[in-house]
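Undergrad: In the order they appear, the protein sequences are chains A and B. Read in the numbering used here, the first sequence has 100 at position 92, and its numbers run on one by one without any break. Read in the numbering used here, the second sequence has 120 at position 112, and its numbers run on one by one without any break.
Since the hints were derived computationally from the structure, they do not count as laboratory data. Misleading hints may appear alongside valid ones.
[Said to hold, decoys possible] With a straight-line Cα cutoff of 25 Å, these simulated BS3-like cross-link-like pairs (lysine-lysine) come out: (1) K199/A / K70/B; (2) K102/A / K70/A; (3) K199/B / K197/A; (4) K152/A / K70/A; (5) K152/B / K197/A; (6) K152/A / K152/B; (7) K197/A / K197/B; (8) K152/A / K199/B; (9) K70/B / K102/B; (10) K197/B / K199/A; (11) K199/B / K199/A.
Protein chains: 2
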Amino acid sequence: MPKGVPLPDSVPDDGLTTRQRRNLPVLAVHTGEGKGKSTAAFGMALRAWNQGFDVGVFQFVKSAKWKVGEEAAFRTLGQLHTENGVGGAVEWHKMGEGWSWTRKKGSDDDHAAAAAEGWQEIARRLETQAHRFYVLDEFTYPLKWGWVDVADVVRTLRDRPGNQHVVITGRDAPQALIDAADLVTGMTKVKHPMDAGRKGQRGIEW
Amino acid sequence: MPKGVPLPDSVPDDGLTTRQRRNLPVLAVHTGEGKGKSTAAFGMALRAWNQGFDVGVFQFVKSAKWKVGEEAAFRTLGQLHTENGVGGAVEWHKMGEGWSWTRKKGSDDDHAAAAAEGWQEIARRLETQAHRFYVLDEFTYPLKWGWVDVADVVRTLRDRPGNQHVVITGRDAPQALIDAADLVTGMTKVKHPMDAGRKGQRGIEW
C-alpha cells in the first residue's frame, strides 16, 4: 500500500482479516448529470490495467458515446500486453453493435433484446471470471428503460465469484443498484462549455 | 466530429466561426468531496494523448496521492510516443518532490515556497506553449492555503496563448477559478467503501 492512503475510521466486525478485506471485490457506480462519469471509469480501468488486471469494457450507448478516443487508447494498451507483457489484457465490446442498436431502423424491442443479450454475455463472463475489472459503460440506461432487469443485475453482481471489480456508469442509477454498490459517486454539472454555445472539441470530448 | 455529439442550443454572437469556436482552449475544473476528480482528469489526458496532444501532468499533493498507477501507465504511453510515434508526448512532474514537501520536516513556509515555485514553472510552460494538455492535479489546495495567488493563476490561465487545455482538480476550488473555467464538474460522495471500514485496494485506489 502506498504511504498516506487514509485508514478507515473503524475496523468492521465482519470476521475478515485486513488482507481478506483488502481483496473484496468492488462494485462502483458513477452517476449524476455531470461530466466525468465514464471518463473516471476509464481512468480506473487504466489503473487496473497498470496492475496487470484483465480489463473488459462493455459499452451500452452508441455513436459519439462509443468513445472512440478511449477505445483506441485501450486497444493500444491491450496490444502492449499481448506483445510486450506490459499491463493487463484488454477487451472492448460494443453491446448491440451490428444489431439494430447502431441503425436508424429497428424498434425499441430490438434495442431491448440487444441490451438483454449484452447483459447475459456479461453475466456469463462474471460467472467464469473472464475479467478482473469490468466497465459497464452507460449501463444505467437499459436498466432505466426496463430492457434489463435490475433485480437480476443486482443478484448477479452480488453473487459474482472471486475478486472481480465492476464499474457502472450513467445517469439515474436505480436505487437497488446504488444500495448494492460499495462506492457511489455523483457527478454534478456546475458549468459546461455548451452553456456558452460551444461545441464539442477534439481531445476534450473525444 | 463523431456522429451524435450533441449540438449547443444556440449559436453565440461572439464573431467566431464554428471552426474557431471548436479550437478554443478549455479550462476544466473537477471539484467536490467525491472520488473521481483526478481519475476523470487522467481519463481526459488519456483521450488527449490518443489525439497526439503533448500531455503535461503536474501533481501538487504527495504520497499516495502521487498516483503511482496513473504515473506508470502514462510513462508507458509516453514511451510509446517516443519509440513508436503513437499518441502524444507525456511529461509527469511532482511539484515539490525532493524539497520539504515530501519530508516530515520542513515548515509550511517551505511547502508554500515549493508550491509557488511549481506554479511559476507551469506559468512559464503556458507562456511558451510547452504542452497542449495540462493536468494540474490537486492544485486547488495550494490555492486554498494561500500558497499560490488565485488572481495570478486566473490571469495567467485567461491570457494563455494558443490552444492549451488545462484541467485542475481538488476540493474547494476557489470561486474565481470556477468563474474563469469553461467546464466545472462537482464530484459528490454518495457512498464510499471506507464508510464500511474497508481499506484502499490495489487496482482500485492505486
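Undergrad: State for each hint whether it applies.
TA: Okay, the hints, checked on the actual structure:
1. Taking the CA atoms of K199/A and K70/B, the gap is about 29 Å. The hint is violated against a cut of 25 Å.
2. Restraint check: the Cα-Cα separation between K102/A and K70/A comes to about 8 Å, which is no more than 25 Å; the hinted pair holds.
3. For a cut-off of 25 Å, the pair hint linking K199/B to K197/A stands: about 19 Å separates their Cα positions.
4. With a C-alpha separation of about 16 Å, the suggested pairing of K152/A with K70/A holds against the 25 Å cut-off.
5. With a C-alpha separation of about 22 Å, the suggested pair K152/B and K197/A falls inside the 25 Å cut-off, and the hint holds.
6. For the suggested pair K152/A and K152/B, the alpha carbons sit about 40 Å apart, so the restraint of at most 25 Å is broken.
7. At most 25 Å may separate the alpha-carbon atoms for a hinted pair to count; K197/A and K197/B meet this at roughly 14 Å.
8. The straight-line distance between the Cα atoms of K152/A and K199/B is roughly 21 Å, inside the 25 Å bound, and the hint therefore holds.
9. For the given pair, K70/B sits about 8 Å from K102/B by alpha-carbon distance, which is consistent with the 25 Å threshold.
10. Of the pairs offered as hints, the one joining K197/B and K199/A holds, with about 19 Å between alpha carbons and a cut-off of 25 Å not exceeded.
11. Pair hint K199/B plus K199/A holds up; C-alpha atoms about 24 Å apart against a cutoff of 25 Å.
Of the numbered hints listed earlier, those contradicted by the structure are 1 and 6.
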